[in-house]
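J.: Residues per chain, in single letters:
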Amino acid sequence: MDLSLRNITHHYDEVEVLRDINLDIKQGQIVCIIGPSGCGKSTLLRMIGGLERPASGEVLQLGDPPADCLNPLTYIFQDFALLPWRTVEGNIGLVLEDHKIGAAEREEIIADVLARTKLSEFRSAYPRQLSGGMKQRVAIARALSVRPAVLLMDEPLSALDSQTRELLMDDLVDLWEKENYTACYVTHNLAEAVRLGHKIVVLSRRPGEIHEIVEINMPLSERTNENAELEKIQKRLWNLMRDEARAADMELVNER
Amino acid sequence: MSDKVADGTPMGKPVPFRGGGFLPRSRKIVAPILFIGLVAFWEWGARTGFISPLILPAPSEAFEAFKNLLSSGLLWQHLAASLQRLLIGWFCGTLLGVIVGTMIGLFSVARSGLQPLVSAIFPIPKIALLPLFIIWFGIGEGSKVATILFGTFFPTVIATYGGIDNVDRGLIRMGQSFGLSRMSIIRKIILPGALPAILSGARISAAIAIILLVAAEMIAAEFGVGAYILMAGSLMATDQLITGVAILSCLGLIFAWLIGRAEKYFLKWR
Ligand SMILES: Nc1ncnc2c1ncn2[C@@H]1O[C@H](COP(=O)(O)OP(=O)(O)OP(=O)(O)O)[C@@H](O)[C@H]1O
Ligand SMILES: [Mg+2]
Chain A
1 MDLSLRNITH
11 HYDEVEVLRD
21 INLDIKQGQI
31 VCIIGPSGCG
41 KSTLLRMIGG
51 LERPASGEVL
61 QLGDPPADCL
71 NPLTYIFQDF
81 ALLPWRTVEG
91 NIGLVLEDHK
101 IGAAEREEII
111 ADVLARTKLS
121 EFRSAYPRQL
131 SGGMKQRVAI
141 ARALSVRPAV
151 LLMDEPLSAL
161 DSQTRELLMD
171 DLVDLWEKEN
181 YTACYVTHNL
191 AEAVRLGHKI
201 VVLSRRPGEI
211 HEIVEINMPL
221 SERTNENAEL
231 EKIQKRLWNL
241 MRDEARAADM
251 ELVNER
Chain B
1 MSDKVADGTP
11 MGKPVPFRGG
21 GFLPRSRKIV
31 APILFIGLVA
41 FWEWGARTGF
51 ISPLILPAPS
61 EAFEAFKNLL
71 SSGLLWQHLA
81 ASLQRLLIGW
91 FCGTLLGVIV
101 GTMIGLFSVA
111 RSGLQPLVSA
121 IFPIPKIALL
131 PLFIIWFGIG
141 EGSKVATILF
151 GTFFPTVIAT
161 YGGIDNVDRG
171 LIRMGQSFGL
181 SRMSIIRKII
191 LPGALPAILS
201 GARISAAIAI
211 ILLVAAEMIA
221 AEFGVGAYIL
231 MAGSLMATDQ
241 LITGVAILSC
251 LGLIFAWLIG
261 RAEKYFLKWR
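Here the protein sequences come in this chain order: A and B. Note that full-length UniProt numbering has the first sequence beginning at 1, numbered continuously upward. Note that full-length UniProt numbering has the second sequence beginning at 1, numbered continuously upward.
Everything labelled a hint here was simulated from the structure, so no lab data went into it. Mixed in with the good hints, there may be bad ones.
The following residues of chain B were derived to be distant from chain A, with all beta-carbon distances above 10 Å [as the list claims (entries may be wrong)]:
| no. | residue |
| --- | --- |
| 1 | 21 |
| 2 | 60 |
| 3 | 109 |
| 4 | 255 |
Short, incomplete list of chain A residues facing chain B, as computed with Cβ under 8 Å [to be verified]:
| no. | residue |
| --- | --- |
| 5 | 45 |
| 6 | 49 |
| 7 | 51 |
| 8 | 71 |
| 9 | 74 |
| 10 | 75 |
| 11 | 79 |
| 12 | 81 |
| 13 | 83 |
| 14 | 94 |
| 15 | 98 |
| 16 | 104 |
| 17 | 126 |
| 18 | 146 |
Here's a subset of chain B near chain A, in silico, CB distances under 7 Å, partners left out [said to hold, decoys possible]:
| no. | residue |
| --- | --- |
| 19 | 170 |
| 20 | 171 |
| 21 | 174 |
| 22 | 177 |
| 23 | 178 |
| 24 | 180 |
| 25 | 181 |
| 26 | 184 |
| 27 | 192 |
| 28 | 196 |
| 29 | 269 |
Backbone N, C-alpha and C define an ideal beta-carbon position, used for all residues, glycine too.
Let's have the full structure, built from the sequences with the hints guiding it.
T.: Below, the structure is given as C-alpha cells:
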C-alpha cells in the first residue's frame, strides 16, 4: 500500500501552518521529515494517519493494505503513550481487544511481538518500572502487534538518552532489514534522518512547504556511523536548514 | 582556601549538609500514644476536679454510657438506622454523580447545560434544603436519604469531570490512532484515568455524608446516631453526647480506611 499526499494546506485560525505539500510514500520505503521547530511536521503526520483533517488537499491510500493487517496506519509517539495502569502485556492487549481475534491468537501475537522486541521477561511489568528505552520498545511492540502497513513515528527517540537512542536506532534498522516496513519518520536529528531515510523531506519554516527532497540510495545495512558520503549528505541538509532554523527561532521570539 | 598545610595541599572541610527535611512521614506509634495521653489527661483532670463534670464528663463516664447503650441493645438499632441511610444515600449519590460527571466530561451538550447548574447548586448547604426535602419526600427515611444523596452527588460530579478533563489527551489520541471504539476509549482509557480523582472525591463525599446524616437525623428520627446525640443534648446528658460523637468519629475513620484500601487496590499501578 502506498500513500500519496496531494496539495495539503492547513491553518490554525489565522496562522498558516502547511502550504501545498505533495508527497508520495512508497511501500517499503522510509520517508524522513525534517524541518525547523514549529513548521508543522507533527501536524502533517497527524494528517497522514487520519487524526486531523487538512483545511484543503487530501491524503490518499493507493492500493489495499495486506489482508492480515489490523490497523494500517499505526503511530509510535514521542512520549510513548502507554497506559500506566496496564502492564506491558495489557498495553499490547489493549489494541488487540477491539478486533475479532480469539484469546489464543491474541496471546500468540503478544508473545511474538514481545520476543521480537526482546521484552519477554517484562511481560507483567508496569510502565513506571521500565526505563525510557524499554517503554519505547513496548510502544514499538504494540505497534507491531497490529501488523501495520505504514508506521508513523513522531520523534520516537527524542525523549531518550543518546546511548539508548543508538540501540533503538539499530533495532529499527534490523527490523526494516527483516520486514521492509513502510514508515514516515519525523525527526529533529539529521543523523537519524540519514541513517534511516530512503527519502528525506526538508520542510521550510512556517508555513511549512517542501523545500527539497533528498533521496539516499545506499542500503540501510551499509550505513555505518563514520561514512563519508552520509556525512556529506548530512552537511548538505544542515546547510539547507540552517538559515530556516535561525529565522524560525527568531520568529518565535518575536511573536511572544 | 586559606587553611593549607605546609606542602601546599588544601586541608579541606566537609561540605555543609543542607538537604533533607520537608518529608513528613507518619510514624505508626505517635498517634496512639498521643491519643492515650490525651484521654488519660482528661480522665485525670475530671477525677481531680480540674475539669468540672458539668463542662465535660470523664471518659470513664462516657464509656459507662457506651456500655449501657451496648447492653440495652439500642446501639445496634441506632447504628443500623444510620448506616442504612448513610450507605443508600452515599452509594446512590456517588453512582449518580459519577454518571452525570462522566456525561459532563464527555459531551458538549451535557457540559454546557449541566456544568453551570452544578456550580450553582454545589455551594448551597444541603441542610438548608432539608425542609424542602421533607415536603417532597416525606418526614420518614426519604428526606434523610435524599439529603445525603444530594450532598454527595455534587462533589462527586465535580471530582469526576475534573478527573476526566485531566486525562492525558495523548492517551486518548493513541486510542483513536489504533482504531479503538468510542466505548473502549471511555472504558479503558478515560475512566481508569479519572479514577484517582473519583476516589479522592469519594473520600470527601463520605465525610460530607456523615455530617449531613447527623443533621438529617436531628429532625424526626426515632433511631440513628444523630437522634441519639440530639436526645442526649436536650437532656444535658453530656456523657451520652460524647459517646455519640465518638461513634460518629469511628464511622468516619472506618469509611476513610475502606476508601484507602480501595485506593491501594485500584491504584496499585502508581
Ligand atoms: N491544535 C493547535 N491549535 C493551534 N495551533 C496549533 C495546534 N497544533 C499546532 N499548532 C501550531 O502549528 C504550528 C506547527 O505545529 P507542529 O506541532 O506541527 O510543529 P512541529 O514541526 O511538529 O514542531 P516541533 O518540531 O517543535 O515538534 C506551531 O506553530 C503550533 O503552534
Ligand atoms: Mg512536533
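J.: Hints first: check each against the structure and report whether it holds.
T.: Here is what the structure says about each hint:
At roughly 26 Å from the closest C-beta of chain A, the C-beta of residue 21 of chain B stays outside 10 Å, upholding its exclusion from the interface. Here residue 60 of chain B stays apart from chain A, with its beta-carbon at least about 50 Å from theirs, past the 10 Å limit. The non-interface label for residue 109 of chain B is consistent with chain A: the shortest C-beta to C-beta separation is roughly 23 Å, beyond 10 Å. No beta-carbon of chain A is positioned within 10 Å of the beta-carbon of residue 255 of chain B; the least distance is around 24 Å.
About 10 Å separates the beta-carbon of residue 45 of chain A from the nearest beta-carbon of chain B, more than 8 Å, and the hint is not met. For the restraint placing residue 49 of chain A at the interface with chain B, the shortest Cβ-Cβ distance is roughly 6 Å, inside the 8 Å limit, so the hint holds. For residue 51 of chain A, the suggested interface contact is upheld, since its CB lies about 6 Å from the closest CB of chain B, less than 8 Å. Satisfaction of the interface hint for residue 71 of chain A is found here, the shortest Cβ-Cβ separation to chain B being roughly 5 Å, below the 8 Å cut-off.
Annotation: residue 74 of chain A was flagged as interfacial toward chain B, and the flag holds, the nearest CB pair being 7 Å apart, inside 8 Å. With a least beta-carbon distance of about 5 Å to chain B, the hint placing residue 75 of chain A at the interface is held under the 8 Å criterion. Interface restraint check: residue 79 of chain A against chain B, minimum CB-CB distance 6 Å, threshold 8 Å, status holds. At its closest, the beta carbon of residue 81 of chain A sits 4 Å from a beta carbon of chain B; the interface hint therefore holds under the 8 Å criterion.
A distance limit of 8 Å between C-beta atoms decides the matter here; for residue 83 of chain A the minimum to chain B is near 6 Å, and the interface restraint holds. Here the hint on residue 94 of chain A is kept, as its CB sits about 6 Å from the closest CB of chain B, short of 8 Å. For residue 98 of chain A, the shortest C-beta to C-beta distance to chain B is roughly 5 Å, which falls under 8 Å, so the interface hint holds. Interface restraint check: residue 104 of chain A against chain B, minimum CB-CB distance 21 Å, threshold 8 Å, status violated.
Checking residue 126 of chain A against chain B by beta carbon gives a least distance of about 5 Å; that is within 8 Å, so the hint holds. Annotation: residue 146 of chain A was flagged as interfacial toward chain B, and the flag holds, the nearest CB pair being 7 Å apart, inside 8 Å. Among the interface hints, the one on residue 170 of chain B holds; its C-beta lies about 5 Å from the nearest C-beta in chain A, closer than the 7 Å criterion. Proximity of residue 171 of chain B to chain A holds as hinted, the smallest CB-CB distance being about 6 Å (cut-off 7 Å).
Interface hint at residue 174 of chain B: satisfied, since its Cβ lies 4 Å from the closest Cβ of chain A, which is below the 7 Å cut-off. For residue 177 of chain B, the interface hint holds, since its Cβ comes within 7 Å of a Cβ in chain A; the closest pair sits about 5 Å apart. Using the Cβ-Cβ criterion of 7 Å, the hint placing residue 178 of chain B at the interface with chain A is satisfied: the shortest such distance is roughly 4 Å. For residue 180 of chain B, the suggested interface contact is upheld, since its CB lies about 5 Å from the closest CB of chain A, less than 7 Å.
The closest approach between the C-beta of residue 181 of chain B and any C-beta of chain A is roughly 6 Å, which is under the 7 Å cut-off, so the hint is satisfied. The closest approach between the C-beta of residue 184 of chain B and any C-beta of chain A is roughly 5 Å, which is under the 7 Å cut-off, so the hint is satisfied. With a least beta-carbon distance of about 5 Å to chain A, the hint placing residue 192 of chain B at the interface is held under the 7 Å criterion. Because the closest C-beta pair between residue 196 of chain B and chain A is about 10 Å apart, greater than 7 Å, the hint is violated.
With a least beta-carbon distance of about 4 Å to chain A, the hint placing residue 269 of chain B at the interface is held under the 7 Å criterion.
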